[in-house]
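A.B. asks: Using the sequences provided together with the hints, build the complete structure.
Residue numbers (the numbering used here), protein chains in the order written: chain B, 1 to 114; chain G, 1 to 110.
It is possible that part of the hints are untrue.
[What the hints assert, rightly or not] Each computed DSS-like pair below joins lysine-lysine, with the alpha-carbon atoms no more than 25 Å apart: (1) K22/B - K59/G; (2) K69/G - K57/G; (3) K40/B - K52/B; (4) K69/G - K42/G; (5) K36/B - K68/G; (6) K52/B - K41/B; (7) K42/G - K97/G; (8) K42/G - K79/G; (9) K36/B - K22/B; (10) K42/G - K19/B; (11) K57/G - K36/B; (12) K59/G - K79/G; (13) K19/B - K52/B; (14) K22/B - K69/G; (15) K69/G - K59/G; (16) K63/G - K79/G; (17) K18/B - K52/B; (18) K42/G - K41/B; (19) K57/G - K68/G; (20) K57/G - K79/G; (21) K36/B - K97/G; (22) K97/G - K57/G; (23) K69/G - K40/B; (24) K97/G - K69/G; (25) K36/B - K52/B; (26) K22/B - K52/B; (27) K68/G - K42/G; (28) K52/B - K68/G; (29) K52/B - K69/G; (30) K63/G - K42/G; (31) K36/B - K42/G; (32) K40/B - K97/G; (33) K19/B - K36/B.
[Stated by the list, open to error] Not the full set, but computed from the structure, chain B residues with beta-carbon under 10 Å of chain G: (34) L45; (35) N50; (36) Q54; (37) T55; (38) P66.
None of these hints come from the bench; they were simulated from the model. Glycine is no exception: its CB is placed at the ideal position from the N, C-alpha and C atoms.
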Amino acid sequence: ETGVTQTPRHLVMGMTNKKSLKCEQHLGHNAMYWYKQSAKKPLELMFVYNFKEQTENNSVPSRFSPECPNSSHLFLHLHTLQPEDSALYLCASSPQGEGVYGYTFGSGTRLTVV
Amino acid sequence: EDQVTQSPEALRLQEGESSSLNCSYTVSGLRGLFWYRQDPGKGPEFLFTLYSAGEEKEKERLKATLTKKESFLHITAPKPEDSATYLCAVQARNTDKLIFGTGTRLQVFP
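C.D. replies: Structure (structure tokens):
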């Protein structure tokens, strides 16, 4: 399998549930990202990991908890979410080092909080 | 503050009717400007990277251009399969973060 794979594709959860989103990249990249995409808003950067270390947390509420066990896998653990957290959650990866690199995105997880 | 503004928000074209999408940006030293295409329910798909003013890139019916303040995505003789949301993003020097605009939703009718 190639590219960036996200699972599940769709998730419906209650406000008291705990769930996790998974992202896996097969590109040999060293940086991974979580973005939130809501209607009529720009993509919002949530977390950045470089070589498994978190290098950015964009003031994300603690009900979102990322985990990066290695450079190929990224998780987003969810608990006690609010309805306004419903959105498309996108994972992306990129190489690191010299040069200009764009991101490769996964297909996203469509999250609905009820 | 680094910022990206895209216009129009939505664009409806007849098949074959050429047009342009605009991306205005302010950034503290441009490292790169990116165009992505996003289909409903999918993640953004990379189209182009532009690095410096005056640069142009082409791919099939799409052509991206860059000035010091904005980028244009020109669509020549579009087809219905070009319907999608087109996203613009900038990357500033000394960072790997991409700052995105809100996108232009393009619909091409036969």
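A.B. asks: Hints numbered earlier in the text: which of these fail when held up against the supplied structure?
C.D. replies: The structure breaks hints 1, 3, 4, 5, 6, 11, 14, 27, 28, 29, 36 and 38; every other hint is satisfied.
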